[in-house]
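Participant: Turn these sequences into a full structure, and let the hints guide you.
Residue numbers (full-length UniProt numbering), protein chains in the order written: chain A, 1 to 621; chain B, 1 to 318; chain C, 1 to 315.
Mixed in with the good hints there might be a few duds.
As the list claims (entries may be wrong) - Sample of chain B residues with no beta-carbon within 12 angstroms of chain A, all distances over it, derived:
id, residue
1, K5
2, T39
3, S49
4, A135
5, E215
6, A240
7, K302
What the hints assert, rightly or not - List time: in silico DSBU-like cross-link candidates among lysine-lysine, alpha-carbon distance up to 30 angstroms:
id, chain 1, residue 1, chain 2, residue 2
8, B, K16, C, K7
9, A, K6, C, K278
10, A, K551, B, K197
11, A, K316, B, K105
Simulated from the structure, these hints should not be mistaken for laboratory data. Beta carbons are placed, not taken as given, at the ideal position from N, Cα and C, and that holds for glycine.
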Amino acid sequence: MRAFLKLLFRNGLAAMGAVVLAAILILVLITPLLPLQNPDSTATADRFQKPFSEGHPLGTDHLGRDLLSRLLHGTRLSLAVGIAAALIAATIGSAIGIIAGYFGGRTDNIIMRGVDMLMAFPYILLALAIVAALGPGLMNALIAVAAVNVPFFARNIRGITVGLAGREFIDAARLAGMGHTRIILTELLPNVLPVIIIAMSTTVGWMILETAGLSFLGLGSQPPQADLGSMLGEARSALISHPHTSVVPGIMIFLIVMSINLLGDGVRDALDPRLRSGALSRASATTLVDRKSDIPAATDDLLAIQELETQFHVGKRNYRAVGGVSLAVKPGECLGVIGESGSGKSVTALSVMGLVASPPGVITGGAVRFQGEDLIGTPYETLRQKRGDRVAYIFQDPLSTMHPLYRVGQQLAEAIRSHHRISKVDARARAIQLLKDVRIPNAESRVDNFPHEMSGGMRQRVGIAMALANEPEVIIADEPTTALDVTVQAQILSLLDDLRRDRGLAIIFITHDFGVVAQLCDRVAVMYAGRIVEEGPTQAVLGAPAHPYTKRLIACVPELGGGRRELAAIPGLPPVVDDLPPGCAFATRCDKAQEACQAGDVALKGAAPRAVRCLYPEEAV
Amino acid sequence: MPALKVENLAKTFPLKKPLFGPAPPGVRAVRPMSFKVETGETLGVVGESGCGKSTLARMLVGLLEPSEGRIEIEGRALDNADPAEFGKLIQYVFQDPQSSLNPRKTIRQVMEAPLKRLHGLGRTKRDSRISEIFASVNLREEFLDRYPHEFSGGQAQRIGIARALAASPRIIILDEPVSALDVSVQAQVLNLLAGLKAQFGLTYLFITHDLAVVEAVSDRIVVLYFGAVVEIGRAESIFANPRHPYTKLLADSAPVVGRPLTAPEQRGSELPDPLNPPPGCAFAGRCPRATDLCRAQVPELKDMGEDQLAACHHPLQD
Amino acid sequence: MGGYILKRLISAIPVLLGITIIVFLIMSLIPGDPATAILGSYATPDNVEKLNRDLGLDKPMVQRYFIWLSNMLTGDFGRSYSLNRPVIDEVMERFNATLILAGTAFALCSLLGILAGVVSAARQYGIADKAITFVVLIGISVPSFFLGMMMILAFAVNLRWLPVSGMFAIYGGGDVPDLLHHLIMPALALAAVATGVIARLSRSAMLEVLRQDYIRTARAKGVPERRVIMGHALRAAMVSIIPVLGIQAGFVLSGAVYIEIVFQWPGVGRMLVDAILKRDLLLVQGGVVFVAACYVLFNIAVDVTQSLLDPRIKT
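Facilitator: Written as structure tokens, this is what we have:
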């Protein structure tokens, strides 16, 4: 709760809304205690007094009634009716939504059909029909506005509930012996409640507006009783001659609704966990660069990552996802980068072409050189011209990484036409040829498929075709087979291997699977907590691992053909990279660790191509 | 008496009836299958996506109503009517440990539910039982008052296992319990599971897509393809000596250190369309040994000797 | 495609029936003798007897519904007692005026809203974004009837640029330029709120899409940033914007009631309010059913547009 309020008030606009709303609320709560004139006592002689006239700070209306007094009493009424309508609508609507969403099936079907029918009306028609039947009056307006909003809540909450009801913790509750009522009340409701609060805070302002609107039309509060809407409605005939009678209640409605909207947005932002991490920020076209250290000198490698440092700045925390990584590939070479989740392997790969999402990602040091030219901090257009043309990517999940609304042929053609001026016809022909190159059967018809019409393996073949489109020098493959089944993985790996041998491609292959590395890569680098802990030719590293982490990680992985056995395990967890200990990050989990390991930085040492970042390596390198 | 016996268990998901015309036949996620799990045994179930392994698991714990067939636990037919009775016999460990914990409940609340609902234990008994269980899954009791998001995947999965243990079941269905975990943590959890089984005399049904893992933990293994059992055999021999060509394909596809990269299949071939299943053997389209017989007639599961059964018209010989 | 449109049209039939049932049920909430309630001050014994006969008020409720329904299907919505003419004629005439006003406002709010949302998202936290967010916030907080009144004060009374109210000038009007002249203020006032809502939604839809993996893929291919935003991102965002346009059309139609009152626009909304105040319930009933039915058809058009955009929708 305290964290919520803190978040809420860090948002300046929301705080402003809260202050204005609180002021209005206090004012209307103490209205009966204030020395105000009777809001309904008429004095025709004093009609249409201007604001700031004596005895009438806001002037008087067409019957000479004191506007200030009427305004405060009217606000009281408007707020009470609007909030009551919101509460009624939220309670009934949410109950309907939860029941429909939780039980699903026929219950859901019948309820939602009814809701759909209510939503088939432009809402005011329904409200007008209800008021027409029940007769004008404030209470009837309240009923109409609440009734009209029930379907909005029901549909909204149902959607959330359906998502939650499919989650595994609901199944777990069922297996723990809980009944439906208990599951709804103790498992679902606490998770739905924030959504209900968000929906209420964002609609209560609107419902105040709606009730005011019905009163404005003369269908809500009836004279002499007045809410803000009917004040405005009565003042309309004198709009041109005495505008102040309209402006006063109008501005009050505006202030109330605006402050509620500001506060509601604040509540939504504070309760929505996605916004908490700043994830809804839009990623810029390239990763931000803020390099303080010197830029390393050029080498003659095809692609060289040099002392790269990439961080994520989230709030006050600095996650050092990549903490000084150097890697290089030569033409025709396949370099494997292996590590567990959070080791920084994917961030390293994405940093190469500035594809790390910013915010929160920032490249804080090092260089990435393609044929000697530093890509980091290079102007956007220069970088863009190399993306996909000289250095191309293959990503993990081919369903989420392909645009769902474009045909695969269009996506392939676009990759080419972003770099080369060729006609659409030629681009399409080239797209078909690319699909054939990655051994997709019936390429001529497949080219017009949408991604969702293909299987996972086919999509990843298209992903590879897209990477090959401009015959790049380097392909960076970020866990390209992790989402695939093992038989499909075997097909894709052998395809990649053939392609690189035929075309002399350099591949940087990111994975967590030693078996894949062993079969595909010439060299391998092992990453832990954002740094390379060991590198060398694949045979050497896997056959005689020098770093204790590598050795024990390999031992953890069961190998097919080993039969039933006890597995070696590494105790503890990988460190979080916003608070790395000095020295070796693995020391706390390592059985060979000595004091020196945690004393200071451990360098990556060895005779090229072998190197290890360890003071007491398992093997001399 | 086997701990778990499944007879002709099948699940068909009906498809929506179109506006005109008759209702389509529905998707057969699990074709009629029968198998037994002996008390104290670990039966591995392995298959790729779309093979029906999760549907099978959900039917076994009563989260999904079978379309046909029966499930027997320790000789008694499973009764879906009383979830409490049922939860004491069989429990489930979920694939995604975070998603299986209610984000707004403390771990203590999560742990208490089965003790209260299934066993009706009082407060002090519950506390001592939770302490016992937490000790056996190597979790510190200070975790009890925290919320799920404060835990790593490995810790959350231990909590999931602890919750299953709290019901004191006879059988635990483990549905991909380690596939969301990193390898270093995966080994910790697998070893823990092996220890618990010995300690509490449990019976496991271990579902996974990872051949090496299933081989390392199972006594016997069932291989599923397209909703049907294609082969059953002992863990130590089934991949070394497969009878069904699909089992062989799986074994050959798994990347193994020290084995050169070979693609067992060159063509981009995958699962048949579940909306339009082939009439014969589902694997015939990908099978190098397929004949007209395979394409016309569904093969039955046949004894191949040495505790091995395979559903193939032309099984592989050694 | 034709099949899909046909399918959607057929599925609209139960919705339309549902609408008539809901309206019928609401109208049966009327307390007291319905004939007297419907006729109100026009209740002469003759009229009451005729109405009882027309509506079959002596018959059971279900039968009454079907009589009413079958009358409507033959185009007979009954007779307005306050205007003394067939309901359908009055509704059609008034709906035309509403369509001009609401249609213009809807086109305005869709275009401006999406444009503002896209600019806002593309320049997140920039000056343009902040300015748009601020204007949008005011737009969605000010009641449209108050905005209309203030516009009259500013542009008609003080600046004398535009006419105060009405659809045509009383003398010498009637042509298209005259109509446009009268349309500007009410259309803008009506569009304001919906523009704000659409702009906010478009902004968040764009931001949501811009975090998707396929946007990163497009950038990794080297697609120019302008095309990433205006092509890849906007197209995907439209999938979530279009349904909201359908909902907002309902809000524009609803808001038209207030604007028609403020600007004396001779539309169906003003007719309904007048009819309620005069207790001319047959006119209310007919107007509500007719406009709701048109809105259902409009939403089918929205769904069809959506299916053209998104191939994942099964047609």
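Participant: Identify every previously stated hint that the structure contradicts and give their numbers, smallest first.
Facilitator: Hint check: 3, 5, 6, 9 fail, others pass.
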